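Protein chains in written order, with this note's numbering: chain A, 584 to 830; chain B, 584 to 830.
To be clear, the hints were calculated from the coordinates, so they are not data collected in a lab.
Among the clues, some could well be false.
In this list, chains with the same sequence are indistinguishable; a pair is considered to hold if it fits within one copy or across any two.
[To be verified] With a Cα cut of at most 30 Å, we get these calculated DSBU-like pairs of lysine-lysine: (1) Lys770 x Lys759; (2) Lys646 x Lys588; (3) Lys759 x Lys588; (4) Lys644 x Lys672.
The model shown is predicted, which means the values in this text are computed figures rather than measured ones.
There are 2 protein chains.
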Amino acid sequence: MSKAKIRLCVDQQFGQGQSVRLSEAQAHYLFGVMRARVGSRVLLFNGRDGEWSAEIAEAGKRKGALTCLEQTRPQSQPPDLWLIFAPVKKARTDIIVEKAVELGVARLLPVTTEFTNSERLRRDRAEVHAREAAEQCGAVHVPTVENVVPLTRLLSKWDPVRRILWADEELAGEGKPPAELLAGRPKGPWAILIGPEGGFSEGERARLRALPWIQPMALGPRTLRAETAAIAAISLWQAHLGDWAAP
Amino acid sequence: MSKAKIRLCVDQQFGQGQSVRLSEAQAHYLFGVMRARVGSRVLLFNGRDGEWSAEIAEAGKRKGALTCLEQTRPQSQPPDLWLIFAPVKKARTDIIVEKAVELGVARLLPVTTEFTNSERLRRDRAEVHAREAAEQCGAVHVPTVENVVPLTRLLSKWDPVRRILWADEELAGEGKPPAELLAGRPKGPWAILIGPEGGFSEGERARLRALPWIQPMALGPRTLRAETAAIAAISLWQAHLGDWAAP
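Okay, chain A solo, but in the shape it has when bound:
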């Protein structure tokens, strides 16, 4: 359900008549792939100045320039939701990053756990992927991707003001059902925590359960893959506590 309009995330200042340079990759995409030409219009955002319409002023093989015309939407931020996840196989990690941005996650925090089966996450690649998802879904914010850190280190420095919703596969069929659990919860800063394929170790589970600001939540009786659990948990959070809910 995508809109055809071309949107680009560009880390430069906008303003009426302001010139904006394209990166080599963006020039290739715009002129090589999308066949845009001088005079065509695109939409720009940088995470600070809202969304702007711009006209192509210069189109080269590896470079290009746009001229800002006018602001089309003011700056806005997604709900204050972070996603803590263990990188899985490459294609499925890509799905997690893309869907988190589409569904409205502001910050992605990859972590290693005892059973993490893929410790590598190329941060630059994930950032490009997150920006492309923001371009595609009409967001005006730029999602951030942090470096991979061990979950234990992340938790030991965690500010408990930000509650954590933990999609806990071991809870299947037990605990409060998700819609009841989320109804009437306070809005505000939250993070969602998704385990790796294989789940958490007994030691990790004991630690997570002992922290009062971590809320475990079951996601039905079937085993969900990590990326499915992430999308389901974010959707439920958005519907109850995020910007899919009544203000």
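Please arrange chain B on chain A, whose structure you already have, making use of the hints.
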């Protein structure tokens, strides 16, 4: 968050001591990929007899046989939820099929619409994909995939007892928020309807809006891809009206 145990969907009868033959593809998977050997145990389901443990009795390069030991879980069905969707690009259609099964959809109904950008869906391929997802997620039912039909024909024969929840992107920011809309709705037979990339035409939208058994639902302010909308809508339905909710 997958379990390591091997599960196979086999269209044969089960019973204590019953011999079950493997297809060539399953023999290759079991012996070539997973390196299982005679004497190893796997789990079987056929959509009728629940889940059984079985022992490998014969292991060949392209064939194999198992002996049923005992039933490990009774037969059960997922909630009575269907998914009506327009096939999109191959990789994204695969995601829709896999995630629908994981999240607990009983029947998949692909449709063509005015803006469908990919009319082909190889039903045999989608069925294999759906079975693999059922094997992976611990389901004991076998999801069915129907042939592609035009949406208009599907709607003209529709039994209104089965309500349709329509994830309507044009509603963004309007209408009742999803959690409010689903709270207190009657359980029972439902289908979820997801449009193609590009959405529905004006004519299709007018027709959908005129049918009283179709309930439009907005999914937040950002544009979701078809597969994201499908996963989000199924998750919300399961949490409020399906088997993720209190009985």
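* Asked: When no copy is specified for Lys770 and Lys759, does a C-alpha distance of 30 Å or less occur within a copy, between copies, both, or neither?
  -> For Lys770 and Lys759, the Cα distance is within 30 Å both inside one copy (19 Å) and across copies (19 Å).
* Asked: From the Cα coordinates, with 30 Å as the cut-off, is the pair Lys644 and Lys672 best called within, between, both, or neither?
  -> Intra 34 Å, inter 28 Å, cutoff 30 Å: inter-copy only.
* Asked: When no copy is specified for Lys759 and Lys588, does a C-alpha distance of 30 Å or less occur within a copy, between copies, both, or neither?
  -> between (43 Å within a copy, 27 Å between copies)
* Alpha-carbon proximity context of Lys646 and Lys588, limit 30 Å -> within (21 Å within a copy, 52 Å between copies)
Comparing the model with each numbered hint stated earlier shows that all of them hold.
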